[in-house]
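Student: Heads up: the sequence lines are chains A and B, in that order. Residue numbers are given in my numbering: position 829 of the first sequence equals residue 829, and the series is strictly consecutive. Residue numbers are given in my numbering: position 70 of the second sequence equals residue 961, and the series is strictly consecutive.
Worth double-checking, as some hints may not be accurate.
[Unchecked claim] Cut-off 25 Å, straight-line C-alpha distance, at most; resulting in silico cross-link-like pairs (DSS-like, lysine-lysine):
{"hint": "1", "chain 1": "A", "residue 1": "K669", "chain 2": "A", "residue 2": "K700"}
{"hint": "2", "chain 1": "A", "residue 1": "K669", "chain 2": "A", "residue 2": "K555"}
{"hint": "3", "chain 1": "A", "residue 1": "K557", "chain 2": "B", "residue 2": "K934"}
{"hint": "4", "chain 1": "A", "residue 1": "K531", "chain 2": "A", "residue 2": "K5"}
{"hint": "5", "chain 1": "A", "residue 1": "K5", "chain 2": "B", "residue 2": "K988"}
{"hint": "6", "chain 1": "A", "residue 1": "K531", "chain 2": "A", "residue 2": "K700"}
[Said to hold, decoys possible] A few chain B residues that face chain A, going by a derived Cβ cut-off under 7 Å, partial list only:
{"hint": "7", "residue": "A972"}
{"hint": "8", "residue": "Q974"}
{"hint": "9", "residue": "R977"}
{"hint": "10", "residue": "R978"}
Calculated directly from the structure, the hints in this document are not laboratory data. Just so you know, these numbers come straight off a predicted model, no measurement behind them. For every residue, glycine included, the Cβ atom is placed at its ideal position computed from N, Cα and C.
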Amino acid sequence: MPDWKRTIRERLSGLKLDSAREEEIVDELAQHLQDRYEFSLSEGASEVQARRQALDELSGGRLAEELRSIRRPIALDPIGVPHRKGGPLSGFIPDLKIAFRNMRTKLAFSVMVIGMLALGVAGNAAIFSIFDGLFLRPLPFADAERLIDLDETAPKWNLHFVGISNPDFYLWRKNNGSFDGMAFFTGGSFNFSDRGTAQRILGGQVTYDLLDVLGLKPVLGRGFLLEEDKPGGAKVAMLGYDFWQRVFQGDRNVLGRDVKLNEEPYTVVGVLPREAVLPERAELWTPLAADPDPKKSNGWYLNGIGRLKHGVSTQQAEADLVRVHKAAIQDGQKVNEITSPILTPLRDRYLGDFRTVSHILLGGVGVVLLIACVNVAALMMVRGSARAREIAIRTAIGASRGRIIRQLFTENLVLAATGGVLGVLLGELCLRGMLSLMPADNLPRWIHFSLDWRFATFCVVITGAAAVLSGLVPVLQASRVDARGSLQDAGVRSSLSRGRRVTLGALVVCEIGLALILSIGAGLLLEAFRKVLNVDPGFRPENVISYRVNLPESKYKKPEQQIAFFETLVEKLRSVPGVKSVGATSAAPFGGHWGNFWEAEGHPLGPNDKNPVVLQVVATPEYFSAIGMTFLEGRPFRLDEADLKFTHTVVVNETFAKYYWPAKSPIGKRIRHQGSNGEWVEVVGVTRDEKHYGLDQEMKPSVFLPFRGTPQDSMSIVLRSSIDPQMLIAPSREIVRQMDAGLPMFDVRTMTDRVNKSLWARRAYSWLFGAFALIAVVLAAAGIYGVVSYAVSQRTQEIGIRMALGAQPGQVLRHTLAGGMLLVSAGVVLGLAGALGAVRLLQSLLFGVSSKEPTVYGAVILGVVLIGLLANAIPARRAASVDPMRALRFE
Amino acid sequence: MLYIELQHMATQPLDRELKKGSAELLILSLVEARPRHGYEISKLIEERSQGTLRFQLASLYPLLYRLESRGWIQGRWVEKAGQRRRRYYRLTTEGRKVLALQRRGWQQFAEAIRRITGIEYA
């Protein structure tokens, strides 16, 4: 008698049943085979025939697999008969249980799908939230879309925005027909003191109607009155909400109190609402009290905000103001014909710089979302196909099509929901991470970021739908075919139809293409960032610290006092141990712009010549060595080369020299303020351009003036140290306090810190984009891996036969790799074509790096191909190591 | 594996309806009158269907175990004199209810077919 038990035990060996149960099953099945064997013998079969017929009973299907599913009886539960009666949800709970169990048993697959969904959702939700905060959320003002930023533009001066002059603002306000209201303001800083404490604060000087135009009401007291907003009007102030809370602990009795601003008493008449966030970071407001007399005009310095009348567009309003402006020129009221009104929606004006970047990031995010969807879709399709057989069995033993679809739908839904929830949580983390990269003081205060739940939900729904639907496609097909055909097919081994294989391949190709586009974009941005980092700043920022000291007008009104103060301060600081050199300047690098117009002797400007605005920097002679500027020619000015009556010498920068004396040495040449009829001043030195506006910004021509000739009441002190520059802060404070206890020292920062801060946006978006590209490549690699692995597992038997017929492992490896790499190559070609079109959008951010930079393309293609190779190599090696005997026996 | 030949009923949608629950119905019906062992069940299905339906071991036993785990049938080892030890399956109370339900469904279905086609099924 054949040893049935041994044969059966072999079949069950993978099941790890508990031994008693296994023994029972073996006994029962052995008995069955024996019965069958004896029956065949009794029918006249030979022993060999009888044995074969009995064994046939075992070979029809996969006994072990069938039994394994029995160990989880609910998994194959959906038979047409309901267990219990119940509501429509009664079937949902068991479905859910099955779904979770399946998730656990196919852990690797589940983790992969959930991870991809989470990555896609997280990145998208976080970036979108930033985009949303910057551009989509309404401003904190009523009817904010009617608020327009007002300014003047002067293309001839090479300035897009110059500010509004007093006469222009009175003119516009009086004659326009497009605005319900028009308010003006300028930022400034005050030495604030109240009952013995002194601090430097930022404030705003505003016209009396600014609150009205913004549509806001004071939280306490009243706003400014028209008569307070006139030259010589009462000295009154409104406290900012935060300032009121911080300094006065929200005391309501603050109204009527006198506080000192720059040593002058101001009466508090009201407290501003939180939303009154203009001008930037202002802690309190005082009336602007601008003089309308054109003769007393002190240049273009005002910001303006207008509230459009209902139904008036920005363009119509601008045309209206231009009309008013031109009429005034014809009347001879205007002193200058170069400036003209320019109107911008408020948000665009304050956030315009981030718009391109945000769009590009959003594009990147969209691509990652797309890749995540495509990837999950491919994975789910593979999985759905792999389950075709299971579905066929369920159908055969009585499950209805709807029931099966519902079960799988639940499973896919559970995967998608888990991925989605995880994605949203991860998104919140991403957002916090990104915000920590953003220095808060570069953004208007009304901007707040929080994870945008609507969009997070949108991402979850999109990726979830991709997962659920793509998972169902093969199922719908599988459950439509007749059970017999499918079972026979399944008996051979469930495999993808040709059409579905092509679809999968196409999905992978798209993924690689998209990842390549993103990687090339990121490569270009990072290359640009590297280039910016390598830009010569024109000074040596390391070991330099700077801070600002402002002298109140009441105590230091005379220029002599200002000269005496700052020269003494610099002198005292020079003797502090560790100080190598020290200078004072009106504007250190990144320290703001003060422009004027200059002309060179013997270089008259034609009517059509550009008349570039020149950056004026006032400095003490030692400033150049303290900040570490390089002289290309000549030398710094000397202390004795200027006094209050006359400035003998100046230093110009490279751009200035090139503009006025393109091929000649500027040393000994003479310049003066345009149209001044004043004395000519000799140029004694040319410095290399210091990147005053940022490393990636164009430099304007600039002139350095000796402090003694042009004294200022506000200067930056720049210290170069031989020790850690932070160590110089305490002694500096002590010296300033000794000289004048009421003077605060503020904006204390190392130069390196300032350089880094000036680059934050570029750094942030370059690395963010890089991170997206990385995610994209990883997702694409996972896609290749998934699809090729699946193909290999499908073809195990075929490979086994090939190898049995003499194919070498090397050949199998090459064959499998070739198939996978074909997908990679197609993706690369597709991606290249897309990239050449897409990167043009990046051009404005590339800082001179060509959008066709071959090294970037080369490196990215190489990287993607290598990663593709790696993703292919793992399943290909598996294919090459197939044991032909095992593969054939497998069925 | 389960291998049900329904070669005489070839139209596909009907196929599916006919197969729906059929395997279970067959087993439950066969153990209704008295307990039977697995081989006996497979022989009876083959004989009574005159070879049209055939269960192989690899699909029959998993199905039996599944029905057992649902509590519709119950298996017990029985040793009869002069015979080897065999496992007999009997219908449980719950199984009886399910059988009644499935049988009614099947009859309604067959009746519907009959009304449409005029074919008499046994």
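Student: Are the hints correct? Go through all of them and say.
Tutor: A quick look at each hint next to the structure:
Between K669 of chain A and K700 of chain A, the direct Cα distance comes to roughly 19 Å. Compliance with the 25 Å bound is thereby established for this hinted pair. Of the supplied pair hints, the one linking K669 of chain A and K555 of chain A is violated, its CA atoms being roughly 39 Å apart against a limit of 25 Å. Restraint check for K557 of chain A and K934 of chain B: not satisfied, since their Cα atoms lie roughly 117 Å apart, outside the 25 Å limit. For the hint pairing K531 of chain A with K5 of chain A, the CA-to-CA distance comes to about 75 Å; that exceeds 25 Å, so the pair is violated.
Simply put, K5 of chain A and K988 of chain B have alpha-carbon atoms about 36 Å apart, too far for the 25 Å limit, and the pair is violated. Restraint check for K531 of chain A and K700 of chain A: the C-alpha separation of about 20 Å stays at or below 25 Å, so the hint holds. Below 7 Å, beta-carbon pairs count as interface contacts, and A972 of chain B has none with chain A, the closest being about 17 Å; its hint is therefore violated. A distance limit of 7 Å between C-beta atoms decides the matter here; for Q974 of chain B the minimum to chain A is near 10 Å, and the interface restraint is violated.
Residue-level restraint check for R977 of chain B holds (minimum Cβ-Cβ distance to chain A is 6 Å; threshold 7 Å). The interface hint given for R978 of chain B is met, as the beta carbon of that residue sits about 5 Å from the closest beta carbon of chain A, less than 7 Å.
Violated hints, listed in ascending order, are 2, 3, 4, 5, 7, 8; each of the other numbered hints is respected by the structure.
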